[in-house]
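Participant: When you get a sec, could you build the whole thing from the sequences and use the hints?
Which chain is which? The protein sequence lines are A and B, in order.
Positions 52 to 362 (the working numbering) are the ones given, in order, by the first sequence.
Positions 37 to 463 (the working numbering) are the ones given, in order, by the second sequence.
Subject to a maximum C-alpha distance of 25 Å in a straight line, what follows is the list of computed DMTMM-like cross-link-like pairs (lysine to aspartate or glutamate):
#, chain 1, residue 1, chain 2, residue 2
1, A, LYS113, B, ASP115
2, A, LYS212, B, ASP214
3, A, LYS113, B, GLU128
4, A, LYS113, B, ASP104
5, B, LYS222, A, ASP217
6, A, LYS113, B, ASP168
7, A, LYS212, B, ASP219
8, B, LYS263, B, GLU458
9, A, LYS113, B, ASP357
10, A, LYS224, B, ASP276
11, A, LYS224, B, GLU458
12, A, LYS130, B, GLU258
13, A, LYS113, B, ASP146
14, A, LYS224, B, GLU447
15, B, LYS294, A, ASP217
16, B, LYS292, A, ASP217
17, A, LYS130, B, GLU456
18, A, LYS130, B, ASP451
19, A, LYS113, B, GLU139
20, A, LYS224, B, ASP448
21, B, LYS218, A, GLU214
22, A, LYS130, B, ASP261
23, A, LYS113, B, ASP361
24, A, LYS113, B, GLU99
25, B, LYS218, A, ASP217
26, B, LYS279, A, ASP217
27, A, LYS130, B, GLU447
28, B, LYS279, A, GLU214
29, A, LYS298, B, ASP104
Just so you know, the hints here were simulated from the structure itself, not pulled from any lab data.
All figures in this text were calculated on a predicted structure; none of them were measured in a lab.
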Amino acid sequence: MHSSPAPRRSWLNFRSRKQQDRLFCFCLLLPAIILCVAFILIPIVDSVAMSFTDYKIANLTKNRPGVWNDFANYTRLWKAGKLQSAISITGTFVAWTVGLTFVVSMALALILNSEPVGARFLRSIMMIPWVIPTVIAGLLWAWIYANPYGLLQYLVNVFSKGEITDFGILNSKNTALWGVIIAGLWKQVPLMTLLLLAGMQNVPDDIMEAAKIDGAGYFTRLIHIMIPYMRSVIAVSVSMCIIENFKQYPLFATLTNGGPVGATTTLAVLSYNEAFVNNNYGSGAAVTTVWLLVMIVVVLVFNLIFRRGND
Amino acid sequence: MKRIVVLLLAAVMLLSAAAVMAQEKEPVTIRFYNYALSETAKADWWKNTVEAFEEANPWVTVETVTVDYNSMIQTFTNDLGSGMSVDLIYGEVSWIPALVDGEFIQQPKDVIDPEFYEGYYDYVLDQMNYADGVYAVPHYYTNSIVFINKDLVEAAGMSADEFPTTLDELKTWIETLDTFYKDSGKVSTIFGLTTAEVPATGANINAIYNAFGGQLLTDDGELADLKAEPNATAMAEMLDFYKYLIGNGYTQENLKLKDYRAAFGAGNVIAYVDSSWGYAQIGEVDANAANFTVTAPLPVVMGTNGKGNSLVESHCFLIGDGLSDGQKEAVDLFIRYCTSTETLEGYLNNIGLAFVAHKGMEDCRISPILEGAAKGVSHVQKQTQIGPMVSVQKQLATMVLDYTINGASMEDAVDSYITEAEYFINQ
Numbered sequence: 052m053h054s055s056p057a058p059r060r061s062w063l064n065f066r067s068r069k070q071q072d073r074l075f076c077f078c079l080l081l082p083a084i085i086l087c088v089a090f091i092l093i094p095i096v097d098s099v100a101m102s103f104t105d106y107k108i109a110n111l112t113k114n115r116p117g118v119w120n121d122f123a124n125y126t127r128l129w130k131a132g133k134l135q136s137a138i139s140i141t142g143t144f145v146a147w148t149v150g151l152t153f154v155v156s157m158a159l160a161l162i163l164n165s166e167p168v169g170a171r172f173l174r175s176i177m178m179i180p181w182v183i184p185t186v187i188a189g190l191l192w193a194w195i196y197a198n199p200y201g202l203l204q205y206l207v208n209v210f211s212k213g214e215i216t217d218f219g220i221l222n223s224k225n226t227a228l229w230g231v232i233i234a235g236l237w238k239q240v241p242l243m244t245l246l247l248l249a250g251m252q253n254v255p256d257d258i259m260e261a262a263k264i265d266g267a268g269y270f271t272r273l274i275h276i277m278i279p280y281m282r283s284v285i286a287v288s289v290s291m292c293i294i295e296n297f298k299q300y301p302l303f304a305t306l307t308n309g310g311p312v313g314a315t316t317t318l319a320v321l322s323y324n325e326a327f328v329n330n331n332y333g334s335g336a337a338v339t340t341v342w343l344l345v346m347i348v349v350v351l352v353f354n355l356i357f358r359r360g361n362d
Numbered sequence: 037m038k039r040i041v042v043l044l045l046a047a048v049m050l051l052s053a054a055a056v057m058a059q060e061k062e063p064v065t066i067r068f069y070n071y072a073l074s075e076t077a078k079a080d081w082w083k084n085t086v087e088a089f090e091e092a093n094p095w096v097t098v099e100t101v102t103v104d105y106n107s108m109i110q111t112f113t114n115d116l117g118s119g120m121s122v123d124l125i126y127g128e129v130s131w132i133p134a135l136v137d138g139e140f141i142q143q144p145k146d147v148i149d150p151e152f153y154e155g156y157y158d159y160v161l162d163q164m165n166y167a168d169g170v171y172a173v174p175h176y177y178t179n180s181i182v183f184i185n186k187d188l189v190e191a192a193g194m195s196a197d198e199f200p201t202t203l204d205e206l207k208t209w210i211e212t213l214d215t216f217y218k219d220s221g222k223v224s225t226i227f228g229l230t231t232a233e234v235p236a237t238g239a240n241i242n243a244i245y246n247a248f249g250g251q252l253l254t255d256d257g258e259l260a261d262l263k264a265e266p267n268a269t270a271m272a273e274m275l276d277f278y279k280y281l282i283g284n285g286y287t288q289e290n291l292k293l294k295d296y297r298a299a300f301g302a303g304n305v306i307a308y309v310d311s312s313w314g315y316a317q318i319g320e321v322d323a324n325a326a327n328f329t330v331t332a333p334l335p336v337v338m339g340t341n342g343k344g345n346s347l348v349e350s351h352c353f354l355i356g357d358g359l360s361d362g363q364k365e366a367v368d369l370f371i372r373y374c375t376s377t378e379t380l381e382g383y384l385n386n387i388g389l390a391f392v393a394h395k396g397m398e399d400c401r402i403s404p405i406l407e408g409a410a411k412g413v414s415h416v417q418k419q420t421q422i423g424p425m426v427s428v429q430k431q432l433a434t435m436v437l438d439y440t441i442n443g444a445s446m447e448d449a450v451d452s453y454i455t456e457a458e459y460f461i462n463q
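Facilitator: Right, dumping it as C-alpha cells:
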C-alpha cells in the first residue's frame with residue numbers, strides 16, 4: 052500500500068497572505084533602506100565616531116583610524132566658548148528668520164488669496180528669489196550691502212538726507228546677523244507663501260461663508276477657522292523652514308563668513324571652519340554632532356507642540 | 037670577405053641602435069595641480085609654458101589639473117583618497133603646513149638639482165620652512181607694497197615719487213590729500229588698508245604688524261608675547277593707525293583686497309597696501325591702469341620700533357610625495373624651466389607683477405610699475421609657518437575690527453586675540 056506523497060508546496064505557501072504582503076512590501080522597501088543606511092546612516096555614525104577622535108588630514112589620506120581623545124574635541128570647543136556662542140547665534144538666527152518668514156508669508160498669502168488684480172503674475176514674479184541659487188542670492192545681497200557703493204548705503208544716504216554716509220550693515224557685530232536674516236527672508240518667503248496659499252485654498256468656502264453669515268469678523272474667521280484648517284500645511288512648511296535655516300551655510304559664507312568678530316558664526320560656519328579651514332576633521336565632526344542633536348531636539352519640540360495643539 | 041663586411045656593418049648598426057635606445061628616456065607623466073589655471077590670463081600663460089616644455093622634453097607629459105583656489109586641500113584629499121597621484125602643486129606659502137601635515141608633499145631639496153636649489157634667495161626660501169625643513173620652492177615673490185595713483189597725487193600738487201618714509205610724514209601726506217579731495221566726491225579712499233575677515237587680509241595685517249616692529253610668532257611656532265616689548269608697542273601703534281585711518285574715513289572698513297583693487301582701477305583710491313600681483317585685478321578694471329599706477333615701499337620708520345619690514349608672499353611649487361625617479365627628474369626640469377628669465381619675464385611684466393626669487397634670474401626685467409617698490413624689496417622678515425596660520429592671521433582682522441569699529445578697548449581686543457590665537461595654535 053502506497054501512502055500518497057505529501058503535496059509539494061512552494062515556500063510561499065507556508066505563509067499567510069498577510070505575511071506574504073509584508074514580505075513583498077519589505078522587498079519593495081529594501082532598495083530605499085539600503086540607500087538610507089549606506090548614504091545617510093553610515094556617514095552619520097562615522098561622523099559621530101570621528102568626533103570622539105583626533106582626526107586630521109593624514110588620517111584621511113593615509114587611511115589611518117582616528118585616535119580616541121577623551122572627548123577633547125568637545126571640551127576644547129566648550130572651554131573656548133565656541134559651541135555656546137554658535138548655538139546661541141544659530142538659535143537667534145533660526146527663531147527670527149522662521150518667525151518673520153511665517154508672518155510675512157502669511158500676510159502675502161492672505162493678500163494673494165483675496166485674488167487681487169495680477170495675482171497670477173505676482174505669484175510668478177515672487178518665485179524668482181526662491182529659484183535663484185543661494186550662493187548667487189548671497190552675492191547679490193553682498194552687492195546691495197556693500198559699503199560705500201551698495202544700494203542700501205545709497206538709500207540710507209538719501210533717506211537720511213546725507214547724514215549717514217557709512218552704513219555697513221555687515222560691518223557691525225550688532226547688525227550683521229540682521230543682514231543675513233533679511234537675505235534669508237528674501238530667499239525663503241516665496242516658497243512658504245505658496246505653501247500657505249495652497250493650504251488656504253483648501254479651506255472650505257461654505258464654512259467660511261457660514262461663519263461670515265453668523266457675524267464672524269475677518270480676524271475671527273482667520274484665527275478660528277482658516278488657521279486651524281491650515282494646521283498641517285503650517286506644520287510642514289514651518290518644519291521645513293526650521294531645518295533649512297538650521298543648516299544655512301551659503302548665505303553666511305558669501306555675506307559674512309562668520310564675522311564680524313564672530314557675530315555670525317553659526318554651528319554651520321563653525322563646523323566648516325574647524326574641518327576645512329583648520330583641517331581638524333575631528334573637531335568639525337564634534338560641531339556637526341552637536342548641530343544635528345540641537346536640530347533634532349528643536350524639530351521634535353516643534354512637532355510635539357503642534358501635536359498637542361491638534362489634540 | 038663580403039660576409040665579414042656585412043657582419044661588421046650589422047654589428048655597427050646593432051650597437052648604434054642600442055646606443056640610441058639607451059639615450060631615449062622612459063616616458064613620464066606628472067600630474068600638475070594648478071589653481072592659476074582658473075584665471076584666464078594666467079591659464080593661457082601656463083598652457084603655452086607647458087606646451088613649450090613638453091616640446092623641449094618629449095618624454096615628459098604634464099597633465100594639468102585645474103582646481104579651485106579655495107578648495108585645493110579638499111581636492112587633494114579626495115583625489116589621493118581615490119587613488120590618483122598629486123605630483124606637483126602650484127600654490128601659496130600658507131598651504132605648506134596643511135600639505136605637510138597631510139603628508140602630501142616632500143622637501144624639494146631631494147628632487148631639485150642641488151646647484152639650482154642653491155640659487156634661491158635665502159630670505160624667500162626661509163619663508164617656506166615648516167616642521168623639519170623647506171617644503172616648497174618659490175616661483176617669484178612679493179612683499180607688501182603701496183600702490184599709488186600718481187594722477188590723483190599730482191592733481192593735488194604733490195609728487196608720487198616722494199612717498200613718505202616715516203609714519204608721521206605719511207599721516208601728513210594723507211591729511212593733505214584728504215583736505216584737497218574732501219568735498220570732491222572723486223575719491224573714496226585716501227590710504228587703504230584691508231580689514232575684512234579673510235585669510236588674505238590676515239596676512240596683510242601681519243605684514244603691517246611687522247612693519248611696526250612686531251613679531252607675531254616665535255621661531256618655535258608659538259604665539260609671541262604680545263604684551264612684552266617691542267611687540268606691545270608695535271601692536272598699540274598699529275591698532276591706533278588703523279583707528280586713525282578708519283575713524284577719519286581715510287580707509288574703508290571691512291573691505292577685501294579685491295575691493296581695493298577694483299576701486300583703485302576705477303580711479304577712486306589714492307593709495308593702498310597690497311601684494312605686487314594685486315595689479316592683475318587693477319588691470320582688469322582699467323587696461324590702461326599702468327599709465328597712472330606707481331608703487332612705493334612701506335615707510336621705513338613706522339612708529340617707535342618699526343622699520344617698514346614686511347613678510348614674503350610667494351607663489352610656489354610644492355612637490356608631491358612618492359614620485360618615481362623619472363618623475364623627480366621631470367619635476368626638476370619643469371621647475372627649472374618655469375623659473376628662468378626666458379620663460380618668466382613676460383609673465384612678471386604683464387600678468388602677475390612680482391620680484392624674482394632666484395639668482396639665475398637677476399637679469400630679468402621687472403615691471404616699471406614696481407620700480408618704486410623695488411627699493412624696499414628686501415625689507416622682509418622671516419615668518420615661522422604653523423599649521424593654523426590662516427586662522428591665526430585671520431583673527432588679526434577680527435581684532436582690528438573689534439578695536440576700530442565695535443568699540444572694544446585696546447586691551448580687550450588684544451586679550452581676545454591672544455585667547456583665539458592660542459585656541460587655534462594649541463589644537
